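K.L.:
Sequence:
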Amino acid sequence: MDDFRWLWKSGPGFNISGDNVTVLLEPSEFYQHLKDLSDAANKRIVLASLYLGDGELEKNLVSHIHAAARRDVQVRILLDYTRGSRGESNSRTMLTPMLREFSRPSPASGPDSGEPPGNQVQVALYHSPKLRGLLRWLLPQRWNETLGLTHLKVYLFDDTLVLSGANLSDQYFRNRQDRYVVFRDCSQLADYFAGLVAAVSSFSLQLHPDDSVALGRDFPVHPYKGDSAEFAAAANERLAPLVRPNGLEPPQKSPGDTWVFPLLQMMPLGIRQDQDVTERILARPPPDCTMRLATGYFNLTQRYADLILGNPASKFDLLVASPKVNGFYGAEGLSGVIPTVYTLLLRQFFSRIGKSESHVTVGEYERANWTFHAKGLWLWRGSQPWPCVSLVGSPNFGFRSVHQDLEAQVAIVTSNKSLQKQLHHEQQRLYDLSTPVTWATFQAPSRHVPLWVRLVTPWLRSLF
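Counting from 0, one number per residue, gives the positions in the sequence shown under numbering that gives the first Met the number 0.
In short, the hints are calculated from the structure, not lab data. Be aware that a few hints might be false.
Cut-off 30 Å, straight-line C-alpha distance, at most; resulting in silico cross-link-like pairs (DSBU-like, lysine-lysine) [claimed, not checked]:
id, residue 1, residue 2
1, K8, K416
2, K314, K420
3, K420, K34
4, K58, K42
5, K420, K8
6, K416, K314
7, K129, K252
8, K58, K323
9, K8, K252
10, K34, K8
11, K8, K314
12, K129, K34
13, K416, K252
Remember, it's a predicted structure, so these values are computed and weren't measured experimentally.
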């Protein structure tokens with residue numbers, strides 16, 4: 000812990016037992032846990048995701064959540080407005096039946112009041128303050144999401160918290176690889192993330208049983224009708240307590256062997272906590288350490304890339320998606336060229352790895368009929384066999400994660416050998432399915448980057 004005492008000055012820290020942490024490995028495990036935890040919940044279910052899909056697996060999950068609500072479990076759901084509204088059948092149409100069942104009209108509620116009728120089930124839809132005016136009407140679906148969205152992934156049941164990078168959609172339950180860490184019986188940590196979802200929901204649009212939306216009455220500025228700077232300032236005020244340290248130094252005696260530090264990145268709202276911590280870890284890690292960094296979308300910020308390449312005292316192993324396991328592979332229209340953009344960005348980064356930067360290696364994840372969505376960091380001290388630090392959550396270490404979207408992850412600092420072994424096994428399974436990137440990788444005909452893609456990449460990289 001001594002090497003990371005500085006984290007105490009970056010934001011709140013929570014002391015837990017590493018024995019209460021389980022690292023899941025497969026999408027099917029993640030899905031089953033969500034259902035089982037919904038069935039076991041007796042107090043609250045708090046979910047935050049980019050969106051909720053509309054397939055059979057998602058309908059089955061909603062039925063478990065619906066059953067919990069009927070047992071008087073309080074349900075709070077936060078999704079993104081643009082992504083959750085895409086198409087005729089979408090996240091909103093999946094959830095309005097549950098809202099209708101628990102609707103309790105009152106004098107304070109109504110289609111224009113902003114107050115969702117009933118308190119049992121509430122659904123909030125975050126709307127980016129950048130999507131406004133003519134842009135809001137001119138940008139088509141999918142493209143309107145590029146201006147900013149909530150990328151949070153929080154799955155909370157009573158005092159059990161599941162943090163992941165996965166969304167609530169069938170591919171994330173079947174064959175899209177991500178990460179999933181379960182924190183059991185961690186009441187203070189769970190309360191923190193429940194508070195985070197409540198804070199973001201408070202300045203989001205509230206979904207009503209008739210599928211209409213309105214801003215809650217207790218927030219003073221509308222996200223796209225009001226002044227954008229005033230909206231950001233008011234939202235920042237709601238979030239400020241969540242990034243405030245709960246102490247300048249760790250307690251002399253801590254009962255647990257593991258510390259968990261939540262990290263928020265919400266640049267449109269003036270929050271850059273995760274960026275500051277990530278840059279500090281990359282720039283000044285413990286001596287002679289190894290870091291493994293994974294991202295499904297390789298679009299490192301210039302600062303992150305410079306820190307990795309400029310730190311020869313540490314060893315960095317990067318894991319990225321090969322084009323065929325990229326989530327955009329085979330997509331229609333301009334989206335289909337995104338894997339080629341990532342190939343170009345990877346080549347540009349790889350060209351900077353010379354003999355003097357031999358401390359950096361890159362591998363591409365390959366798995367037939369799967370896509371790769373995992374992200375995070377694992378850190379080893381010296382010759383220790385297992386990682387003692389891991390970052391897990393929603394950020395991809397790219398431009399969007401830092402500048403456009405609302406993100407959250409945690410830094411896990413642990414001396415618990417069982418948890419360290421779990422984290423080691425987790426990353427090893429991912430890296431075992433990788434192929435080293437060499438210059439020969441970019442000579443393959445499938446890696447050809449057309450001139451027009453090279454020309455538009457500086458613009459596109461800020462969108463993805």
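K.L.:
Please go over all the hints and tell whether each is borne out by the structure.
P.N.:
Now the hints, each set against the structure:
no. : hint        : in the structure
1   : K8 - K416   : holds, 26 Å
2   : K314 - K420 : holds, 20 Å
3   : K420 - K34  : holds, 26 Å
4   : K58 - K42   : holds, 22 Å
5   : K420 - K8   : holds, 28 Å
6   : K416 - K314 : holds, 22 Å
7   : K129 - K252 : violated, 46 Å
8   : K58 - K323  : holds, 29 Å
9   : K8 - K252   : holds, 18 Å
10  : K34 - K8    : violated, 37 Å
11  : K8 - K314   : holds, 26 Å
12  : K129 - K34  : violated, 35 Å
13  : K416 - K252 : holds, 19 Å
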